[in-house]
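A.B. asks: Residue numbers are given in full-length UniProt numbering: position 191 of the sequence shown equals residue 191, and the series is strictly consecutive.
Honestly, the hints are just simulated from the structure, not real lab data. Since we're looking at a predicted model, the values are computed, not measured. Don't take every hint at face value.
[As the list claims (entries may be wrong)] Dumping the calculated SDA-like pairs for lysine to any residue here, alpha-carbon to alpha-carbon at most 25 Å:
1. 280 x 230
2. 287 x 298
3. 280 x 110
4. 280 x 121
5. 287 x 266
6. 287 x 297
7. 280 x 246
8. 280 x 299
9. 280 x 118
10. 280 x 266
11. 287 x 118
12. 280 x 131
13. 280 x 295
14. 287 x 228
15. 287 x 231
16. 287 x 177
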Amino acid sequence: MGNSPEYRNTLDWLSFEPQNLGVQCCSFVGIVESGVHEFQNLNLRFSLSPGERNINMPQNFQPTYNNGGPQQLPPAVSREDPSKGISPDMRARSFLDEQYITQQNTSYYQSCVTPYADAVTSYLEENDLDDKYEIYQAALSWTWVSDETLNGVDEKWLTPTEFLDETPAYSSNPDYGEPVSDCEEQANTLASLLIASGEYNESTVRVAIGKVDFGNVSGGHAWVEVYEDGEWFPLDPTEGPYYDDDNCSIVSADVSDIDYDEYLESTYPAVRVWYYYNDKYFMEVGKQNGDVPAFWDEQPESYPN
1 MGNSPEYRNT LDWLSFEPQN LGVQCCSFVG IVESGVHEFQ NLNLRFSLSP
51 GERNINMPQN FQPTYNNGGP QQLPPAVSRE DPSKGISPDM RARSFLDEQY
101 ITQQNTSYYQ SCVTPYADAV TSYLEENDLD DKYEIYQAAL SWTWVSDETL
151 NGVDEKWLTP TEFLDETPAY SSNPDYGEPV SDCEEQANTL ASLLIASGEY
201 NESTVRVAIG KVDFGNVSGG HAWVEVYEDG EWFPLDPTEG PYYDDDNCSI
251 VSADVSDIDY DEYLESTYPA VRVWYYYNDK YFMEVGKQNG DVPAFWDEQP
301 ESYPN
């Protein structure tokens with residue numbers, strides 16, 4: 001995989017897996033310099049009040065993710081030893097690579113949003129998910145589980161079909177019978193479900209890849225943005241339960257007070273966005289991006305300036 005011309009470049013990943021209750025999210029950091037993009041990926045769990053509810057999120061943007069067999073990673077990923085110096089409630093692991101994003105491999109990311117897959121439409125039907133609110137509540141029930149626990153490797157990506165149909169039966173799944181994953185699977189699957197439901201289309205829902213800053217930790221993240229009434233606002237499907245690797249237990253989360261449009265008004269701590277994508281469009285922020293809708297240049301007002 002690493003020898004493939006398409007994936008011979010490297011990525012920067014940073015993973016945080018804190019041990020407290022709270023929101024979950026996954027991250028992917030990129031620094032654009034001379035066409036080379038360095039990324040950090042972080043797994044962290046944050047616990048904050050509404051509008052700041054992200055202090056204990058597990059975060060992890062993983063470029064492959066499959067228990068049943070090896071899957072190709074967009075970038076080749078190399079790993080470093082776990083980093084030290086994180087606050088007592090967090091455990092950090094640093095993964096260093098770098099990647100040069102090319103038109104040749106952007107399609108990999110787009111292939112991870114699959115609104116027309118049978119597994120996606122079946123999930124909507126079998127769970128009687130009739131609208132965006134029910135879809136988001138279903139997404140908030142997904143349990144965050146690290147790749148190390150689920151797949152026995154540092155980084156893997158799954159398609160929505162693999163996430164929804166296959167992870168429930170993984171022998172390594174600590175929430176057996178339910179879909180589990182890190183953040184990028186959750187973001188890609190939520191975007192797929194929202195498009196498949198007809199609530200949005202490829203112009204009005206997208207996955208965001210960027211950097212977030214929760215005060216005591218910062219790093220890359222993947223989340224979803226939707227466009228309504230002339231503006232974007234973020235959804236973070238990783239605010240539900242998570243598996244604590246250190247204590248070998250699932251930590252529950254009360255998501256009943258999380259409104260669908262919570263981050264329409266409340267601040268979401270996105271520092272910068274590098275990429276937006278779905279199955280139809282891929283956009284590098286700040287660049288000329290061909291056929292993407294003009295309003296994709298806009299970003300949520302809830303992001304700090």
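A.B. asks: Decide, hint by hint, whether the structure agrees.
C.D. replies: Hint check:
1. 280 x 230: 20 Å, holds
2. 287 x 298: 13 Å, holds
3. 280 x 110: The given pair, whose Cα atoms are some 7 Å apart, holds under the 25 Å limit.
4. 280 x 121: 18 Å, holds
5. 287 x 266: 28 Å, violated
6. 287 x 297: 9 Å, holds
7. 280 x 246: Measuring from Cα to Cα gives roughly 39 Å; hence the hint is violated.
8. 280 x 299: 19 Å, holds
9. 280 x 118: Holds - the C-alpha atoms of residue 118 and residue 280 are around 18 Å apart, at most 25 Å.
10. 280 x 266: 29 Å, violated
11. 287 x 118: It is violated: about 34 Å lies between the C-alpha atoms, which goes past 25 Å.
12. 280 x 131: 22 Å, holds
13. 280 x 295: 15 Å, holds
14. 287 x 228: 24 Å, holds
15. 287 x 231: 20 Å, holds
16. 287 x 177: 43 Å, violated
In terms of the numbered hints stated before, the structure departs from hints 5, 7, 10, 11, 16, listed from lowest to highest.
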